[in-house]
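Protein chains: 2
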Amino acid sequence: MPVYKAPVDDVMFLLNDVFPIERHNNLPGFADATPDVVEAVLSEGAKLCEEAFAPLNLSGDQEGCVRHPDGSVSTPKGFKEAYDAYTGGGWMGLSMPEEYGGQGLPSTLNTVMQEFVSSANLALAMYPGLTQGAIAALLVHAPADIKKTYVPKMVEGTWTGTMNLTEPHCGTDLGLLKTKAVPNGDGTYSITGTKIFISAGEHDMVENIVHLVLARIEGAPAGTKGISLFVVPKFLVKGDGSLGERNGVSCGSIEHKMGIHGNATCVMNYDGAKGWLIGEANRGLNAMFVMMNEARMAVGVQGLSQSEVAYQNAVAYAKDRLQGRALTGAKYPDKPADPIIVHPDVRRTLLSIKAFNEGARALLVWTALKSDIAHRSSDAAERQSADDHMGLLTPVVKGVLTDLGFDNAVKAQQMFGGHGYIEESGMSQFVRDARIAMIYEGANGIQAMDLVGRKLAKDGGRAVMGFFNEVGAFCQENANDESLKGFVAPLQKGLADLQQATMWFMNNAMAKPDNAGAGATDYMHLFGIVALGYMWAKMAKAANVRKAQGDGAADKMDAKLMTGRFFMERLMPETATRLACITTGADATMAMPAEAF
Amino acid sequence: MPVYKAPVDDVMFLLNDVFPIERHNNLPGFADATPDVVEAVLSEGAKLCEEAFAPLNLSGDQEGCVRHPDGSVSTPKGFKEAYDAYTGGGWMGLSMPEEYGGQGLPSTLNTVMQEFVSSANLALAMYPGLTQGAIAALLVHAPADIKKTYVPKMVEGTWTGTMNLTEPHCGTDLGLLKTKAVPNGDGTYSITGTKIFISAGEHDMVENIVHLVLARIEGAPAGTKGISLFVVPKFLVKGDGSLGERNGVSCGSIEHKMGIHGNATCVMNYDGAKGWLIGEANRGLNAMFVMMNEARMAVGVQGLSQSEVAYQNAVAYAKDRLQGRALTGAKYPDKPADPIIVHPDVRRTLLSIKAFNEGARALLVWTALKSDIAHRSSDAAERQSADDHMGLLTPVVKGVLTDLGFDNAVKAQQMFGGHGYIEESGMSQFVRDARIAMIYEGANGIQAMDLVGRKLAKDGGRAVMGFFNEVGAFCQENANDESLKGFVAPLQKGLADLQQATMWFMNNAMAKPDNAGAGATDYMHLFGIVALGYMWAKMAKAANVRKAQGDGAADKMDAKLMTGRFFMERLMPETATRLACITTGADATMAMPAEAF
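Top line first, the protein sequences correspond to chains A and B. Going by full-length UniProt numbering, the first residue of the first sequence is number 1, and it counts up by one from there. Going by full-length UniProt numbering, the first residue of the second sequence is number 1, and it counts up by one from there.
Among these hints, one or two may not hold up.
Pairs count within a copy or across copies, as identical chains cannot be separated in the list.
[As the list claims (entries may be wrong)] With a Cα cut of at most 30 Å, we get these calculated DSSO-like pairs of lysine-lysine:
no.	residue 1	residue 2
1	K80	K225
2	K47	K547
3	K148	K274
4	K47	K556
5	K547	K77
6	K331	K458
7	K512	K238
8	K180	K319
9	K274	K180
10	K178	K547
11	K225	K319
12	K178	K319
13	K485	K274
14	K5	K225
15	K335	K493
Note that these hints are calculated values from the structure, not bench results.
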């Protein structure tokens, strides 16, 4: 049975020492988030994840979801009770506005909790995760009465939410979508069409399901400029808030997937279902983007989550499994063999995962704090800078954390040898579940194009210049700090590679956009390594300070510094290869005729 | 339904133009292997794979194997008929000695056929694959009467073979194995113990199953020097060759695995089963190594096989799926969108797989030819040099081709977006099936240690010096060939990185073996890139020659050269990062106490 322990300590180090959230106690909700409160909240959340979510992960994978002939869908045994424990504990509304029943705490805490629940049980975590995304879209774009009808029920978790974008012939290219909306004359619309890959589209855990649906109003322009967003409840809601008749939406089938078996991925058939417009007509993509950005961050979190839980299990196995002897002679001569954690290649593997996990967690906390600032600060300049950061880092977080999260789940599985290939070990599930995160909410190639094609040039490159300035300033400020020597120099080298790649795009991709397209994925990963490297430099600095305080955390801080050193020595050098690939340009990529592939 | 077409053309280019096998027609069996014969044989093999094996791949995965209460195991529908078509066509004995019913053709052809069958249906291909490995071990080490009893039946495919090494507590570290062999006094032994992860351990496709089993003779020394190899048939064989009573070996359960569902992975219980010693007592590992080296090569082939079939399906999808427009403007304005193969990031992904596949195929053909020379040449020096090559390249082929084969299956799956995550697409199966190849026959970390810890230093480094000399000489000879400019320079740079890494080990790992251990995986991959780069340089040279012949192959040769250019520009640069990681040494890897992981 796989193990999981939520890394509360590591989060507290980030929130107290690296990005002290106390600095932000002028923001709404932050004053309540004192270190003690935060630690208590996260410890409670950890308990829920470890005791209610994690024990259902493997069984949920094996049992999967079942669609019955009447179109209803059963979730795996125990899922409803665990979901109820989550909503009953108020976790859905952790950082939602108090006026809708939430607790108004920083969304940073919700991001942390997303990591914990996703590590513990990704398939189960998706039900509330999608609901939170749907709430976010409603809060920004829905008219007041719609908000009042739906949001409180969703915050309390009595109703869940979904996103309905994809159709059989259109995923990335939403301009092709065909689902149509015909005005009923009473302000409502009649929605007809087929949506696929709808996570949590139908299930048995709640009374009602609130579908957010992209559709084209009859007569609207073709392409992306004719798409509108609608809310379509499974059951219509009466004036008093109670549930009325069944709406014309149903689950036609559920998919047989590689992983996340415990989440029902549905084909949803809309057959004249009643819907209400959210936001302006034909501006549905804008409204959906709110949800998508939240969702992309959350998917980045999922990448880390699988890497973390896979790592924990690999470490436990590596300490337990006796096989062979250390190269430098037996470490446990009284045992029949040494535990495999003595072997350098095992340690290298584990450290490369650990160095990613802790760096990625820092990147997420940093970015989540920016999200809080962007939404809650009263200072316009601060909001803008935070928003710049969010826009720039969202594709990096989504693309890099899910690519590497998957790779790490594979590496962790490898530590088990043949035992990792057997489903009972749980390692296969981490790999299979992690795989989806590279695909949904915009496949990672799309994230790379978003970064290179849109985010870099936006507002004259203001966001990326802001990032370069911040990292550059850190390097300059700490250039003479002997204790950071192993961190600042490699970070500076990585930053220089990133800046050179950016400059190369400026000089070579304006006239020839294929040069950007062919280098986009390498650039996204180059960016990710530098961002993680910056996180490690900041963590090393904080660890040095904390160690000097002599409060008993010295061993932990030493481990932090050793892990950081490993990152700098073993993971940073990749920037050179990424730069080399980018600057070869698109010629070799574009030359081949399609029929020669 | 996934597609598969065996790459006969590409193989013929390798056998005729790159490594002309006609040069070797003085070797036994090669005289019969004229280009026409080879093409006819491979085309027939291709047909079998495309028409009999491939159509059962997805259904075999979904159906899996079933163990019945009596210990018998059913394979998926159609497997037995496809296996019979394979054996009926004489494929098992393609390169086996004629005196045992084989056709005596070069084993290179069998390696090629292994790729085809593994691409078409890996789980099914393993049944004959393991049998061929078992035959190889028997041919080298078994006494004449044992060979006569078992080998002809296995060559005709009436009986299959297995390898029984692993036990619950011992995989890599075979010194720990406990299965015991007690002499019966009549020259036979009574074998008792439990073996796990036994592929094809029990099934319903043949009359008898021939288990090769490692066990410890009562009173033998502890550790690896007390292990012997036995043959243990499922049914005892009578003097006239007919089957007698059931032996004391049975399948206790079958594993629930991530992939290769169509292959029965068994727990085998030996309960006083009758066995016959193969080779010398206590020298079982030596005998098993014959089988393991063959098997490691074959597993490298499996890595390529999944990359190839996944690539073919990704290309088909990329030409068919309409989504978005080319960055340089619509390529198919009459269609609702362009096929995604117009997008640079899609092409980059596909080309990186294609460049690997063709390079890996060359590496396998080159190495298979060396195997033929090592086994069949009458020239001792030629045999030794070929054997050096085999020993050195086996861990590279196994480790690198399976790591990258898996990565490529994942990349190919990514091309499908959400559709690739649905089992019906078949892409998930390629990923799940490819995953095992990184694990079995020695997990890839073990391959890296074999390369760095054993193969490099063997015979004073003779093998690796031979490799460096060959690649270096090629670079020197072709340094002034303008048409190879884009190939020789990057290869030279890669070779220099590899030589520098090798030198670094010589200077730093003798006194401190952890420096070798911590750099082993990076070194194996560095070696792999250079070996693949050398293959590309040789292929480019052959393509130039062929193109000049003007025999209508110009388009194909252009595609070859373009793919090679992509390899050199996009995949070779990784050598620098690998070198940088190796030369940081083991300190950061070994510093952390186990409890801090």
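**OP:** Classify it for me, K335 with K493: is the Cα-Cα distance of at most 30 Å met within a copy, between copies, both or neither?
**Re:** neither (45 Å within a copy, 46 Å between copies)
Subject >> Homomeric proximity label, K178 with K547: Cα distance no greater than 30 Å >> reply: neither (60 Å within a copy, 49 Å between copies)
Subject >> Homomeric proximity label, K47 with K547: Cα distance no greater than 30 Å >> reply: within (28 Å within a copy, 68 Å between copies)
Original post:
Should K47 paired with K556 be assigned to within, between, both, or neither, using CA atoms and 30 Å as the limit?
Top reply: Within. Shortest intra-copy distance 22 Å satisfies the 30 Å Cα cut-off; inter-copy 61 Å does not.
**OP:** Since the copies are identical, ignore which copy is meant and state whether K512 and K238 lie within 30 Å (CA to CA) inside a copy, between copies, both or neither.
**Re:** neither (56 Å within a copy, 76 Å between copies)
Original post:
With identical chains treated as interchangeable, where does the CA-CA distance between K225 and K319 reach 30 Å or less: within a copy, between copies, both, or neither?
Top reply: Result: close only across copies, 27 Å inter versus 57 Å intra.
Original post:
How would you classify K5 and K225 at a CA-CA limit of 30 Å: within, between, both, or neither?
Top reply: Neither, since 46 Å and 42 Å both go past 30 Å.
Original post:
Is it within a copy, between copies, both, or neither that the alpha carbon of K180 lies no farther than 30 Å from that of K319?
Top reply: between (57 Å within a copy, 28 Å between copies)
**OP:** Up to 30 Å between alpha-carbons, please classify K274 paired with K180: within, between, both or neither.
**Re:** within (12 Å within a copy, 72 Å between copies)
Original post:
At most 30 Å between C-alpha atoms: does K148 with K274 qualify within a copy, between copies, both, or neither?
Top reply: Close inside one copy (18 Å), not across copies (78 Å); limit 30 Å.
Original post:
Between K547 and K77, at a C-alpha cutoff of 30 Å, which is it: within one copy, between copies, both, or neither?
Top reply: neither (46 Å within a copy, 64 Å between copies)
**OP:** Classify it for me, K331 with K458: is the Cα-Cα distance of at most 30 Å met within a copy, between copies, both or neither?
**Re:** Answer is between: at 27 Å across copies they meet the 30 Å cutoff, but 56 Å inside does not.
In terms of the numbered hints stated before, the structure departs from hints 1, 5, 7, 10, 13, 14 and 15, listed from lowest to highest.
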